[in-house]
Structure formats: structure tokens, C-alpha cells
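Chains as they are written, first to last, in the working numbering: chain A, 1 to 307; chain B, 308 to 614; chain C, 615 to 921.
Keep in mind the hints are simulated off the structure, nothing from the lab.
Keep in mind that the hints are not guaranteed to be accurate.
Capping the alpha-carbon separation at 20 Å, the derived lysine to any residue pairs in SDA-like fashion look like this [stated by the list, open to error]:
{"hint": "1", "chain 1": "A", "residue 1": "LYS68", "chain 2": "B", "residue 2": "VAL347"}
{"hint": "2", "chain 1": "B", "residue 1": "LYS346", "chain 2": "B", "residue 2": "GLN334"}
{"hint": "3", "chain 1": "A", "residue 1": "LYS155", "chain 2": "A", "residue 2": "LEU33"}
{"hint": "4", "chain 1": "B", "residue 1": "LYS408", "chain 2": "A", "residue 2": "LEU33"}
{"hint": "5", "chain 1": "A", "residue 1": "LYS39", "chain 2": "B", "residue 2": "ASP352"}
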Amino acid sequence: MALSTRHLLGIKDLTAEDISLILQTAQQFKEVLQRPIKKVPSLRDITIVNLFFENSTRTRISFELAEKRLSADTINFTASGSSVSKGETLLDTVNNILSMKVDMVVMRHSASGAPHFLAKHIPAAIINAGDGINEHPTQALLDALSIMEQFGTLKGVRVAIIGDIMHSRVAQSNIYLLKKMGAEVIVCGPPTLIPKYMEEAFNVRVEYNLQKALEWCDVANVLRIQLERQNQVLFSSLREYNLVYGINRRLLESLPKKITIMHPGPINRGVELDSDVADSDQSIILQQVENGVAVRMAVLYLLSNRQ
Amino acid sequence: MALSTRHLLGIKDLTAEDISLILQTAQQFKEVLQRPIKKVPSLRDITIVNLFFENSTRTRISFELAEKRLSADTINFTASGSSVSKGETLLDTVNNILSMKVDMVVMRHSASGAPHFLAKHIPAAIINAGDGINEHPTQALLDALSIMEQFGTLKGVRVAIIGDIMHSRVAQSNIYLLKKMGAEVIVCGPPTLIPKYMEEAFNVRVEYNLQKALEWCDVANVLRIQLERQNQVLFSSLREYNLVYGINRRLLESLPKKITIMHPGPINRGVELDSDVADSDQSIILQQVENGVAVRMAVLYLLSNRQ
Amino acid sequence: MALSTRHLLGIKDLTAEDISLILQTAQQFKEVLQRPIKKVPSLRDITIVNLFFENSTRTRISFELAEKRLSADTINFTASGSSVSKGETLLDTVNNILSMKVDMVVMRHSASGAPHFLAKHIPAAIINAGDGINEHPTQALLDALSIMEQFGTLKGVRVAIIGDIMHSRVAQSNIYLLKKMGAEVIVCGPPTLIPKYMEEAFNVRVEYNLQKALEWCDVANVLRIQLERQNQVLFSSLREYNLVYGINRRLLESLPKKITIMHPGPINRGVELDSDVADSDQSIILQQVENGVAVRMAVLYLLSNRQ
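Next up, chain A with everything else stripped away, as it sits in the complex (with noise of 0.2 Å):
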């Protein structure tokens, strides 16, 4: 079996059959990953560059554990200290790279397309770790998992989005892989984070009332609200947020079943989740991490050539 794509650079260009590929071979490798020796040769040889323009704790070091327990050497590249800083253009770094004969590159971008941009130029299979506004599809991959182990199942399962839908590219990957496999989807959140053609656009429904969106779901998918965004009037502020659009204990115990809570990470505790949440039995935020790990093997295994 092999994916239908030479890269990933997002969940919108790939089958559902795909994504059933990707999940079942992550499923293998969390094997791996209980197992005393977490170690497979898998991709001895094979020489990865994670290409990291934007900061980024986890996702860095969850690409960086999947390389090196599939056994390929890393090169780290982040964009302070380089070459960008002295007006280099992307393609150009890029290229550079490329040319000391890479086979994979995993990459973070501000700019969304940045990484469908050089799958036109370059040779080597690239992993979009998060690019813009656009997609972060080994983060929607990753939630798959975590809620197929919860319900063993993705069709049918009800999901709602909450929090800042119109800049997010972890909502988008989700979105799009959550429809391809049959789950139900809503998004949550205020009315100048989720504009009203934003329904059409995802095909998906939008509901601005917490209490009724959790009401209705099986699993809440919290977005992390960006700071940054305070100044921009989307929101008046995070204490505003959090009364509205917060999660906390007493809101979870008025709902008429129990809910699984998620988040990307990292989390605001006492903006939009309180710490009694994501501490909660509700919470799989930890195993999302953990599924992080499998999920990007997985992904670099399959577009490695080497199955």
C-alpha cells in the first residue's frame, strides 16, 4: 500500500484512504513506542531536514523523536542564525539544502503555501508542519487517532472546534479530515473569530453558544487563542474570553453526557481551558502528544519509499 501523494502538504489533498493508511501504520508504531526498545531501522540512511522558520517547542521535538526512532539522521535548521536573516530568498535556502542531498524535508512556515510553493522546485518529499493560516495536517492526523481510540471509530463521531476558527490552521486540517471520514463537525467560538461565510466556505455548521455546541458533541477540540490577537478588537480580552467562551468543571458537570476534551497545545490554563479541565480524566491532551510521535512516523515511513 502506498499514500497517493509524494508529500504531505495538507489533509485537503488527500483520500480518506489515505489518511485510513496513515492512521493504521501509526497504530503499528505505538507498538513500537510501548515496547522497551522504541528504536525501528526503518529510515537508516535516510538524512531529514526540519526546516523550522516559526518557533515551535513540541512539533520540532515530536519530528525530531519520530526521525530518530525510525533510525534516520537530523539536521536542524531554524530560521534565527541563518541565512534568511541575511535576506536570503526561501527558495534559495531551501535549494542549498536541498542540493547537500536531503532526502525529506519536514517544514514550518508563516506564510500559508510556503511548502506546496517548493514541492514545485525541489526534488526531496516534504512534510508541511504547520504553514499560515493554511493546514498543520500532521496535527489534525494526530487528533484522528486520538479520537478513533476513544470511539474506535471516526464515522458518526460528533465534533465540535472551539475558539479562534478563522486563523487556524490546526481547525482547517481537522475540518477537512473529520468530513472525508464521516464525522460530524461544528465550530464554536465569537462572531469575529468565525465570520458568517466562513459556513459556506467549510461547509460545516456554526454555532456561537458554548453551552449548546457541548451540549451536542462527543468530543470538544479546544483551540488555543493567540495572544497576539488582543490587539486586534477580534476579542475585548482573555478574562472576557474565558467567561464566554471558557471551559471549566461546572460547565462539563451541567452537560447531560461525558465529553472527551483535546487541544493542540500549547494550552492558556484559566483562558480556554481551566486547569480542573485539561488535568481532568475528560482530557486527552497528553495522549494526543504521545499520538503525535506515532502519527509523524508514520507519515515519514510512508512517504520514505523504503515499506
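Starting from the structure of chain A, add chains B and C where the hints point.
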């Protein structure tokens, strides 16, 4: 043989037997480091994360070398460019990294007690690489190994620790270790950096006169003056500090016997030590650095449950 | 066969036989880099520290790739976040790292002569990855390999080095190498960047007229304009530099023969080179980058005493 503890948080928690076991194991690894092939497969398949929330060249590199010579996989994390600057809590950062199934965490943090806090919450073995003004246990262990190499024992060796005792985690770990192992210890420095109450708190003799301290001791462990303390009226200037507490060749030659000079580095040449002292044959400063790798290999090995 | 030197500090110290040996070895490694498995076990168990006191994307990554393909263990050290900012002397920093028993040091420093100074004081093999305005020997070696691939030889090939000759370590290393190997060299650029005395100092012909230089040469090695020089009244603006010394397609097409274009990167597109020249089939800029890894593998291998 095994350590009585699952973590290395501080010397305070170790028994004399623990310390002896670490030092003996370090001596064995030191023999490995003399060979052309300096690598052993002991920690193959173990993943270690180096979490440095404070800058450190030598400690980070020393741990990384120790890890690589034990064949462990290493992931480096430094606070700059991390989610920490996005306001994530320490526990969230570390929990996330641990959900990725790492086996050991080497951690430096500016808050005293940070590694102890984590040890209560996470399953991996934690090694304190320096926490605030509390402890720096691997430094004390490498200092002890260096003294043993000079004197064959720690018992009865007279050690003067000189400088800013009040703020020094190196001093504190050294005092704990030396007293547990039967060495004699005095501390020496300006009264602003060794308040009178410290005599009781540490159960060591305080000597404000440098000449007298040096006449008494076999070993002078000279601490680094933190240049940033200058603004805190604890001493008036670096020049004055040097005049009263700096160690120069003339002073050494006035002593009744040849004493051994140690320094944890990096040295402020011309402040706490003159260059002709730091580079003299009485100085074992570079042996300390060499011993650092062996001691860290020993600690990692003994805490790994692989022996 | 072995090199006549224990370090690679500069091309100045190499014999023509040394240069030939490095280039032949690099050609062999280049064949390895064409294979699906690009790794050889030659430097297994050797530890190399990359000491970069100046920022550099491509040189650091190129060395790191070379090291990993030789199966060496690598430790990266960059000046930011290091004890260097605590005022430690260069020798103390390096002595400390070497006391940890590393085998080789790759070093970039803004001070001309820094690696030569260290080579006198420390036992490890030192490879200069660029020192101030002095030398950048591996760049000259990869340039030479790239020219040989085009012309089969260096002997008699006419090379014009164009740009800021006065401040360029790339120019200086290239001139030494090309003259030792029997190539013909002229330097070309504005009089403020090639003072008249340089003709004698370098024993090369100076040509201030770009058109004439290009008509004469087989290869134009176009240097990067350091944007920070703009404030130094050495030339009035980037636009003026481009008008007089920038290479564009129209200029190339006016020449009697097709010349080869080289550039050490990163390119200032639209300043010293127009994009349609940099990306044309006359440009071998990306081959240079590719050759960089092979040349660095050769240098590391030959200095390791493992052959």
C-alpha cells in the same frame, strides 16, 4: 549495586554509599574515555532530553557528550524559541515532552526546586543540572572525583570554598558532599556574600581572611564571581574583589605548602583568579572538565536501570 | 597518502599535493553521495565539535551533513547562549570543550587567525570554517572541485574573482589555491574594494572593468556583497553596485564565449547577480553546494588519521 534514589535532584538526598558508587563508576568510565574508541553501547535505545531553561555551554555539552558516549539518543531543548515564551507552564512543557516517551530528563532551571517539583509529577528519571541557588549535584561529584584523584581519598582533605557562597549552588552541593564523605570544609569570602547565619545553616567554619583560609587548606575551590552581582552593593567593584579575594601567584608562593586550585568555570581571569594561577601546574581546572563527562556518564548509567 | 598538515587552517599552508589529495578524495566521496545509502562508517566513534562563533546556515549544515555521513558524533556549539557572552576567553572555551576529549574541531570565528592561535594550544585537529577576513579553505576547495568538474583540470583555467576582494576570505583562499594549482586569476571590483596595493600583495592582475574581466575569463566567481558595507562609503548604493558590477543576462550574451558562473552564496539577487543568471545553465552554484559536502567529508577523513 544501585543508587538509593530514582532521580539525581541534589547531593542532599544521596547517601555516602550513593556518592561512592557514582565516583567508582565514573572512574571506570574515565578509563573508557582514554581509549581510542570512547563509546559504549550501554544506553542504546534510551532517549534523553536536555531541558535547559538557563544558558550553559559547558554543562550542556558535557551532558550531551556523556549521553552520546553511552549511545543514547539526545534531544536538545533550550528555553529561547520555545513554548515557554508563549506562557506555557513548566509542568505543561515537561509533560508534553514526556508524553513523547522519553526515558530521562536532564534539566537546568533558574528556579530553586524546579526539578524536585517535576520529579513528583512525572515518571522519567530527572537529573538536576543546576536549579537556581539550590544545587548543582554533578558539579560537586566531578569536583569530588578531581580531589580524589589528587589525594586518593576525600576523608580528611581540607577544602576551602572561596567566593560568593550565599548565592552558589556549586558551593552548596560541594558542602553537602564533602561533609558526607568526611572532608573538612571552610568557606571564605566577603561578609556580604557569607552572612554570619550561614555558619550555622551549613555547619561549616567561615573565614573572612583569604590568606588564613589558604594557609589552612589542601584544596581551594574558587567560585566564579557573578558579574551581575556588582550592581547589588554586595561588593564595590571587580577590582576591589580581586585585591582582597583574588588569588595570584605571589599569594600562592607565600603559603607553607603547594595547594591545589579548582574552579567550576567559566573563569573571570583577573577577578577571582589570575591567569598564571589558572594555568599553573597547581590548577586542576581542566581535569575537572574532563571528569565532568565521566561523572555524568556514571549518573546517567546508574539511573537508567540498564546496569 | 596523507596530508602534510595536521590541521586545515588555510590554503596558504597546503602543498599542491595536499590539494590534489583532498580533491581526489572528495571525488570518491561524491560517488558515495550518488548512492541510495549515502553513509560510510569511516569516522565511527570520532566526536567532532562544530564551534560557530559567527552565524552560518549553509557552512554549518554542510559540515554537519559531512560528519553524519562519515558516522561521526557531532556536537553543535554556537556563540549565542554560550559562556562566550559571559566573557570567557576563546582559549578557555575551547580548552574546556577539548578537555571533554573531542577529536576534531570545526571552527568559524570573526577574528582572523583565531584557529591558528588555537592550533598552537590544543591537541585536536582544527578545521577552519572561516576566520575573519583571512581564509575559508573548504570554500576554495569546493570551488576548485566545481571548476575541475567543468574543465577537467585547474591548470590554465582563467578565473575572474569579482566583488569585494579586500574583505573576502573566500577570495583570498581561492587566490592561494588557484595559483598553487596553475590556474590564471584576475580580481575585479570597484577600486574602493580592491586597493592598488593588493595587486602586489596577492600577485594577481587587477581589472576594474567588469566587461573586460568577463571577456577574458572562463569562470566568473562572483562574491557576495556584504550589505553592511553600504554604510562605509566603499560604494554608494546597492543599485549603483548592480549597475556597474552586477552580472545580468544581457552582459553574458555580449561575451564571445559562454562562461561559467559561480557564487559562494547566499546570493543577493539583483545586486551582484540577476536571477536569470543565477538560475541559468551557465551557473554551477548548486553544484558548488553539493561539492561542499564531499570536500568536507574528504578533509575530515584525511585529518582523522582513520585512513
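The hints, checked one at a time:
| no. | hint | result |
| --- | --- | --- |
| 1 | A:LYS68 with B:VAL347 | holds, 19 Å |
| 2 | B:LYS346 with B:GLN334 | holds, 15 Å |
| 3 | A:LYS155 with A:LEU33 | violated, 27 Å |
| 4 | B:LYS408 with A:LEU33 | holds, 7 Å |
| 5 | A:LYS39 with B:ASP352 | holds, 6 Å |
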